[in-house]
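**Q** Residue numbers (this note's numbering), protein chains in the order written: chain A, 155 to 439; chain B, 163 to 472.
By construction, these hints were calculated from the structure, which means they are not laboratory data.
Since we're looking at a predicted model, the values are computed, not measured.
For each residue, glycine too, the CB sits at the ideal point set by N, CA and C.
Some clues are possibly wrong.
Just the calculated beta-carbon pair ranges, DEER-fashion [unchecked claim]:
id, chain 1, residue 1, chain 2, residue 2, range
1, A, Ser195, B, Pro336, 38 to 46 Å
2, A, Ala288, B, Ser448, 13 to 21 Å
3, A, Ser299, B, Pro336, 54 to 62 Å
4, B, Ile342, A, Tyr302, 27 to 35 Å
5, A, Val315, B, Ile333, 26 to 34 Å
6, B, Ser290, A, Val293, 27 to 35 Å
7, B, Pro424, A, Ala415, 56 to 64 Å
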Amino acid sequence: MTAFKTTSPPAAKATGATLFWRTMWARAYPRIVGSLIRERSWLFFETVLPLAATVSYVFVYQAVGAPEEYVGFVVLGGAMTAFWLNILWAMASQLYWDKEGGNLEIYVLSPGPLMAILLGMAVGGFVMTVTRAAIILIVCSLAFSVTYTISSVPLLIAIFVLTMIALYGMGMMFAAVFLASGREAWHLANLLQEPIYLASGFYFPVRALGFWVAAASSLIPLTLGMDGMRQLLFAGDATLGFLSVEVEAIILLILSVFFLAAARFMLTKLEEIGRREGRLIERRR
Amino acid sequence: MTTLSPVRPEGERPMGFADRLLSLPFVQRSDALRSFILGAWLGWQIESNWADPLLFAVYSFARPIASVMILVVMYSVITDGATQQPIFAYIYLGNALYIIVGGVLGGISWAVIDDREHYRTAKQLYTSPLVGYAYLCGRGAARLLIGAISTIIVTVFGVLLFGIPITIGSIDLPFLIASIMLGLTSLSGLGLIIGAISFQLGRNAWQAGELISGALYLFTGALFPLDILPPVLREIGLIFPATYWLEAMRRALLGTNMIGFPTFAALDNTAIAFILLIMSVGLWVSAAFVYRWSMRQAREKGVIDLETNY
Numbered sequence: 155m156t157a158f159k160t161t162s163p164p165a166a167k168a169t170g171a172t173l174f175w176r177t178m179w180a181r182a183y184p185r186i187v188g189s190l191i192r193e194r195s196w197l198f199f200e201t202v203l204p205l206a207a208t209v210s211y212v213f214v215y216q217a218v219g220a221p222e223e224y225v226g227f228v229v230l231g232g233a234m235t236a237f238w239l240n241i242l243w244a245m246a247s248q249l250y251w252d253k254e255g256g257n258l259e260i261y262v263l264s265p266g267p268l269m270a271i272l273l274g275m276a277v278g279g280f281v282m283t284v285t286r287a288a289i290i291l292i293v294c295s296l297a298f299s300v301t302y303t304i305s306s307v308p309l310l311i312a313i314f315v316l317t318m319i320a321l322y323g324m325g326m327m328f329a330a331v332f333l334a335s336g337r338e339a340w341h342l343a344n345l346l347q348e349p350i351y352l353a354s355g356f357y358f359p360v361r362a363l364g365f366w367v368a369a370a371s372s373l374i375p376l377t378l379g380m381d382g383m384r385q386l387l388f389a390g391d392a393t394l395g396f397l398s399v400e401v402e403a404i405i406l407l408i409l410s411v412f413f414l415a416a417a418r419f420m421l422t423k424l425e426e427i428g429r430r431e432g433r434l435i436e437r438r439r
Numbered sequence: 163m164t165t166l167s168p169v170r171p172e173g174e175r176p177m178g179f180a181d182r183l184l185s186l187p188f189v190q191r192s193d194a195l196r197s198f199i200l201g202a203w204l205g206w207q208i209e210s211n212w213a214d215p216l217l218f219a220v221y222s223f224a225r226p227i228a229s230v231m232i233l234v235v236m237y238s239v240i241t242d243g244a245t246q247q248p249i250f251a252y253i254y255l256g257n258a259l260y261i262i263v264g265g266v267l268g269g270i271s272w273a274v275i276d277d278r279e280h281y282r283t284a285k286q287l288y289t290s291p292l293v294g295y296a297y298l299c300g301r302g303a304a305r306l307l308i309g310a311i312s313t314i315i316v317t318v319f320g321v322l323l324f325g326i327p328i329t330i331g332s333i334d335l336p337f338l339i340a341s342i343m344l345g346l347t348s349l350s351g352l353g354l355i356i357g358a359i360s361f362q363l364g365r366n367a368w369q370a371g372e373l374i375s376g377a378l379y380l381f382t383g384a385l386f387p388l389d390i391l392p393p394v395l396r397e398i399g400l401i402f403p404a405t406y407w408l409e410a411m412r413r414a415l416l417g418t419n420m421i422g423f424p425t426f427a428a429l430d431n432t433a434i435a436f437i438l439l440i441m442s443v444g445l446w447v448s449a450a451f452v453y454r455w456s457m458r459q460a461r462e463k464g465v466i467d468l469e470t471n472y
């Protein structure tokens, strides 16, 4: 009988944090290598085209004679749309998509935790999203001579990081919600696109919507994140801010903890219900 | 030669209105027409019937209304709510009409990715006697219908809430009908080209149509007059049918209430209709060639049933 030879010994069995770490990178890998390197059409679709969409909103402000700082607001909002789209279509809808494609059952059967898989999706998607956002920000800032007056770099970094943690935590939570909603996941994702652009003030200061609407919109981490970043990037226009940056940072911190905990709870619950009702590998509702 | 069977196997669910269309003698004789009707029916089912009716209704209304409200708020923040200015009607109506542009341009490419990667039916579809080109047109028609409903809702919303000056007297009905027919024909041609190219792209291009339509916001004068753009960008805008269609629709709906800008001052309604006619013919002929080329490329590369799973 011919024995198969292996070139390297099998990797040691991973458990705990090592398993979490490996699972996360295993899920991030196809997004970084498969999507970024092997499918290069993203360079056109994910950078040039969204750039044009953002520029068109700049011209709207120019058409109605808006002050210069509004151009900066639009540029920042246009860059941040990349993160929201990533959350909706590559995080929230992803588990549903994986279920339809047959991957979810493999995830569940494997020893890797679902939270690590979701975090891997986030890390993998984040690379492309940051590229898209950076290109919009840099090109538009240069093209329209946007002037940034940063009042506090550490606070700016803190607001951005907190916004991302809260946002991706929310994406993980949505992944469970969307998975439970079946075919309607697409409609939910669509429903949360432009209405959130409006409610979160992607293209204008959110306080223009009034206190209560802005307060309700603050449940979306990007609302406070963008408001805080605008206040810090355009230091002369603090009066256009909704709340003080410090208060926004604290709320974002609370949202981060809440969304991550909620995501963990809902995923566990959904997996439990799915196993009990035999719906985890069901392709059609 | 294998053709689509005009008779559905027993036990399958009836398709209502689509059944009546499919039973018409001239439809039964044409595989292309049958493929188109089946594509449109399937597209409508996916978009509407597979969702909770309330969610579908909210989604159909909320997304376009939110999209237009972004502009209303942007405009109001700067002008202190001067919605009676002609430029507001120009911006508002352009955005409302652009919903159709997005639906037509994005609908077909979305259908390609949806069939291939979501429902995994590409193998079944392209190994059947289906006329792929007609089927994709049908899928696009379903999105067009939803886009048209949204446009009507947003326009009525604008007339009632913001006093957009569209009245019976302001509408030029013959030009409106001609604009709709020519505009939709030319936009469908462009949508088919994008859809055909999507056969060769991975899932990360699933939003290709939507992103392209988003990018064309910039060039077509949907949100602002083309005169605002630097000359180079303005010239780019003049190669797209959406630019002329939006101008034609604004003229047809607003009549004398429409604010005019120099870019189109030299073109009367007949000239715009003629340009749209030429573009329609050119784009449909090009779409047929691009579709055949792209299908061949996709088959040769073995990506016709590509599943990326990023």
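**Q** All hints, please: hold or fail.
**A** Against the structure, the hints:
1. Take Ser195 (chain A) and Pro336 (chain B): their Cβ atoms lie about 43 Å apart, and the range 38 to 46 Å holds.
2. Under the hint 13 to 21 Å, the C-beta atoms of Ala288 (chain A) and Ser448 (chain B), about 35 Å apart, miss the expected range.
3. The beta-carbon spacing between Ser299 (chain A) and Pro336 (chain B), approximately 47 Å, falls outside the hinted interval of 54 to 62 Å.
4. Remark: the range hint 27 to 35 Å for Ile342 (chain B) to Tyr302 (chain A) is contradicted by a beta-carbon distance near 45 Å.
5. Between Val315 (chain A) and Ile333 (chain B) the CB atoms are about 54 Å apart, so this pair departs from the stated range of 26 to 34 Å.
6. Evaluation of the 27 to 35 Å hint for Ser290 (chain B) and Val293 (chain A) yields a failure: the beta carbon distance comes to about 45 Å.
7. Judged by the Cβ atoms, the range 56 to 64 Å given for Pro424 (chain B) and Ala415 (chain A) holds: they are separated by roughly 58 Å.
In this structure, the earlier hints numbered 2, 3, 4, 5 and 6 are contradicted, and the remaining ones agree with it.
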